[in-house]
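Input sequences plus hints: build the corresponding full structure.
Protein chains: 2
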Amino acid sequence: MKPLDDVCVNTLRFLAVDAVERAKSGHPGMPLGAAPMAYVLWDRFLGHNPQNPAWPNRDRFILSAGHGSALLYALLHLTGYGLPLEELKQFRQWGSMTPGHPEHGLAPGVEVTTGPLGQGFAMGVGMAIAERFLAARFNRPGLSIVDHYTYAIVSDGDLMEGMSSEAASLAGTLGLGKLIYLYDDNGISIEGPTDLTFREDVSLRFAAYGWHVQVVRDGNDVDAVEGAIRAARAEQERPSLIIVHTHIGYGSPKQDMAVSHGEPLGADAARATRQALGWPLEPHFYIPEDALAHLRLALERGSRLEDDWQQLLGAYRTRHPELAREFQEMAGGLLPSGWDASLPVFEVADGPLATRDASGRVMNTLARSLHNLIGGSADLGPSTKTMLKDRPDFSSVCPEGRNLHFGVREHAMAGIVNGMALHGGVIPYGSTFLVFSDYMRPALRFAAMMQTPAIFIFSHDSIALGEDGPTHQPVEHLMSLRAIPGMTVMRPADANEAAACWRLALERRKPVALALTRQKVPVLDYHGYPISTGVGRGAYVLQAPDGRPPDLILIATGSEVHLAIEASLALKDRGIAVQVVSMPSWEIFEEQPDDYRRSVLPPDIPRLAVEAGATIGWYKYVGEKGDVIGLDRFGASAPGEIVYARLGFRCDHVVERAIDLVNRK
Amino acid sequence: MKPLDDVCVNTLRFLAVDAVERAKSGHPGMPLGAAPMAYVLWDRFLGHNPQNPAWPNRDRFILSAGHGSALLYALLHLTGYGLPLEELKQFRQWGSMTPGHPEHGLAPGVEVTTGPLGQGFAMGVGMAIAERFLAARFNRPGLSIVDHYTYAIVSDGDLMEGMSSEAASLAGTLGLGKLIYLYDDNGISIEGPTDLTFREDVSLRFAAYGWHVQVVRDGNDVDAVEGAIRAARAEQERPSLIIVHTHIGYGSPKQDMAVSHGEPLGADAARATRQALGWPLEPHFYIPEDALAHLRLALERGSRLEDDWQQLLGAYRTRHPELAREFQEMAGGLLPSGWDASLPVFEVADGPLATRDASGRVMNTLARSLHNLIGGSADLGPSTKTMLKDRPDFSSVCPEGRNLHFGVREHAMAGIVNGMALHGGVIPYGSTFLVFSDYMRPALRFAAMMQTPAIFIFSHDSIALGEDGPTHQPVEHLMSLRAIPGMTVMRPADANEAAACWRLALERRKPVALALTRQKVPVLDYHGYPISTGVGRGAYVLQAPDGRPPDLILIATGSEVHLAIEASLALKDRGIAVQVVSMPSWEIFEEQPDDYRRSVLPPDIPRLAVEAGATIGWYKYVGEKGDVIGLDRFGASAPGEIVYARLGFRCDHVVERAIDLVNRK
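Protein chains in written order, with numbering that gives the first Met the number 0: chain A, 0 to 664; chain B, 0 to 664.
Hints are computed from structural coordinates only; laboratory data are not their basis.
Please note that a few of the clues may not be correct.
Stated by the list, open to error - Calculated cross-link-like contacts (lysine-lysine; reagent style DSS-like; alpha-carbon spacing at most 25 Å): (1) B:K519 <-> A:K624; (2) A:K519 <-> B:K519; (3) B:K388 <-> B:K519.
Unchecked claim - On the chain B side, residues computed to face chain A include the following (Cβ under 7 Å): (4) Q92; (5) P115; (6) A482.
Note that beta-carbon positions come from the ideal geometry of N, C-alpha and C, so glycine has one too.
Take a look at the structure:
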């Protein structure tokens, strides 16, 4: 290593070590081992502009091994991002920009939140898909305004996680040539040598996925790493994995030991490491001037890169003004004017219609005005109705295609959708059955944490799906999704509510989970019901008794709204006046002012909720003295209408429980 | 194919086709393609006794491609299990033994529930681990009382799921030579040819995992399948994958088409298939006598197999009476007498002590009396404290080891634990951080559906884990786990509650999720508090005001119980009498009689719940007019006590909210 390279690498290493030491908490082992590859990548290849972390054509960098966050913070600080050294000194402290694992939205330049393994790996695949799609849509000969790489540093743990296998297999199938992952192969996991659990031949495995695989035998050999990255960039057809052999805790007395992974070295070992690597014992957080000067060249390079690109964009705008306008709109996350002009409205006579079908029709309409609406399903497209008709599939030979086929890979799908959303420029969606949202849950949580504008479409949203049985029938899923902070769950009652939910999903630019029926349900008469504004408030009064306060409030979501309406009529015949509330989204309802909420759910009137799912959360709205018709058991295999009725979702049952409740009062 | 083989295979095929046709719902494509391999396996290899599906030494068979359930039901009926033909005619109907996807506990001989892909694959690995462990523990020269294979038929979708990659990599590392999977490689997924999403070289991939891989080019060639299974059985060191090329919907007009996967062929196509395969058009559910006679030979073979084994067991009992007694106890799922005699009790002076540490001590004590307590962690053993000290690791060279290393593979871990539990003979556990229960969720749901006696240990159970930050801090997880029907969630408040939870977990023989603190908490004085009986009732009064009804009930779980106690003292000083309720398990509390529940939570007294997690479900216990101090946002990275306090888990905050609540009333 040249002396200056060495100094730069050690600067990275010891900023990380010192941050961990000061915090008395953190992961020094990974930065010590992986600093050289990170340095080479950032110094010699990464196309980015630290002054504008939002530059659309930047290379994306993901630290999938998010526990090495201190290394990332050091890189960001040294290359000139708006992350002061003071923040590194506040590593893992309340209110700092430098949390224990990188969080998108805190320090500028942190592309994605990472930490839980596999997520970064999959999100990178999503970014590479977005790049490829946008490049195919926008680039013109000599005018490649979308042209960047997606890099990641991944760990043993990332490669053990199933999510990465899913994403890697898909990336290979799609031939994502601009995806380059460096695998920090240090042979150590928390419980000991990776041999304990991970004897597989990673090189062979990735070759099997269709990746271009290289091995760098000495992770401290920066020129070897450089050569490998260069070869990876030259490979156009296949994603690249560069297996870099490193030493966890390099240079420390704990080198190659699991104990260097997740706790501070301690003062003595930190000192010994400084001595071993020829680093001054004092001061801590030491940044040699020549290292800083060298790494800060990123600012100048970055400026120039973005300037060049702006010139290119200018030339592009001259030649393709309409496309340029569209590109900037998409890159800015804006919806084109009139995007919703032809959103379908459904007449009663269009019904009965499953909300999954209504959603499919809405999507296909939207796809005409939203040219960057792109997504697909985990091999259930014909059932989730999320295929964009008459549009090609996205593939290695057709990167302008808008139908993604994720395969039976729900978790990677959600991670990829997150990555696409974070890349920007596209409006991504993923779909499967509601019950399989379980497979996606860590990535759904990530969507909620990062507030990615990602749309998750879950059809077959209750036991009413029928014959496939309890393994396919969601029960606890609506409630479990609602429990995730920041996730907006929407369960439309009919086709018109479904259209309104889609509008909201697109306007909110936050993660949304849409729950849709498999079975047909009536279409509500939008002339008589305030559906569109009502859905926009999360819950609304669908029917109120004439000129008198209600005896009972029936709250329902999705398909159960129709049961509530039916029961309200039967109750009216018995002299019980019912207010029927449709509540497609708890989260949006909670955002409304108190007086609105009180108008929908006036206090001191008995309330009965009906939803074909776990009751656990409903007491918030019905109170301890209210009642819930729900489902706290698994479903059963039989025709849907039989399962539904047998498990209590019948008009007579609702009426009976309603009368009980009113009498109890 | 010999004529009789052909008849048998077609009998399987058309029983499946007819079941699907009659149900007007189901999956005919897989049975038509995979019937030959299933026939060969069941007819020529599978060691089982249809008259005793619980025979401990039977070979295990898993239809991981659970959508092919009709094929399994046909096999079970034809080989003489207690599954009448009438039940096949009731396929997918309410109350039948033949649901859309196989459900463990309905038809005899269904080893595991399957359907959601990947689950069966991972459970098979768990069964093979259990077999290997028990064989190592019990077998003696010439007396191999545990000696069976684990077979599965897996599909494209199984192999796409990340969970299978995790399980396969671990199975390769562990060298599970008696695991044999047949891959029904039909080239078709729901959205079209598997090439759309799955171009990987499966053979190479499994070789990379360390599997023995064979390819059968013609899945209708029963002798080729037989040869491959024979070779797989001969391979002792590596798990085997047999890639069998088949045709989905074989013989039908929809052969090799996605449409044959998940819907009935329809009367015309069913008739055409009969004609193509030379099958009588009538009657439906036709079983030729020679086919039945041949397949029912399984009864005689099975009887003989089990008789031989009983003789072997007799000889074993003579030579090793103590081991034989232990084997039968374990195989019967019984706990040895005195198993809990030395369960630790913790004195106040032992504290403060994290409940994860207490749990670790309890486990290490239990490991001495429970010789089949076996499990581990997804690479977080040093943190979850689940290592059994001074006991070897389970590995290919040490199959008697009791510490499993799952690697960073939470989902496979949960599936493997389920498989071990279903195999029987062992008491399995798996552990990770509570936040990562998300990665395991589909398998946790499976545990709940099947009521497997599996123990899931989740440490780091709140934001109080501190610096690792929001990516590692659970928020919605307790509530999400409680929402799963049939899952028992336990969150002990201290070391003694932790010990009591362990006792319950072992006695209930149902799936349990234990949530444990990272941080130290005081030890409650078991002399003063009715901890052991209290935990057994799910919730109990820890402190009640002397001789007067309380003004307020404070309900808490886990670490927040100490906060509740502290607040109750401060409130007492202000003249507010508080009843403090510790509520380690909602599910167990719900099982108690009404009068007990009313004594713990007397009506009409204001209630305040305190739990460092999502509030969504708590209104059930506090009522609409009660209050909850919880967390409906993500956490933050900072030292644990700071995060905890800043987010509201402080005595003064509890006191303030308590006073508000009492005043409101």
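Now the hints, each set against the structure:
Restraint check for K519 of chain B and K624 of chain A: not satisfied, since their Cα atoms lie roughly 38 Å apart, outside the 25 Å limit. Proposed proximity of K519 of chain A and K519 of chain B is contradicted: the alpha carbons are some 54 Å apart, above 25 Å. For a cut-off of 25 Å, the pair hint linking K388 of chain B to K519 of chain B stands: about 21 Å separates their Cα positions. Below 7 Å, beta-carbon pairs count as interface contacts, and Q92 of chain B has one with chain A at about 6 Å; its hint therefore holds.
Given the 7 Å rule on beta carbons, the hint for P115 of chain B holds: about 6 Å separates it from the nearest Cβ of chain A. With a cut of 7 Å, the hint placing A482 of chain B at the interface with chain A holds, because the nearest CB-to-CB distance is about 4 Å.
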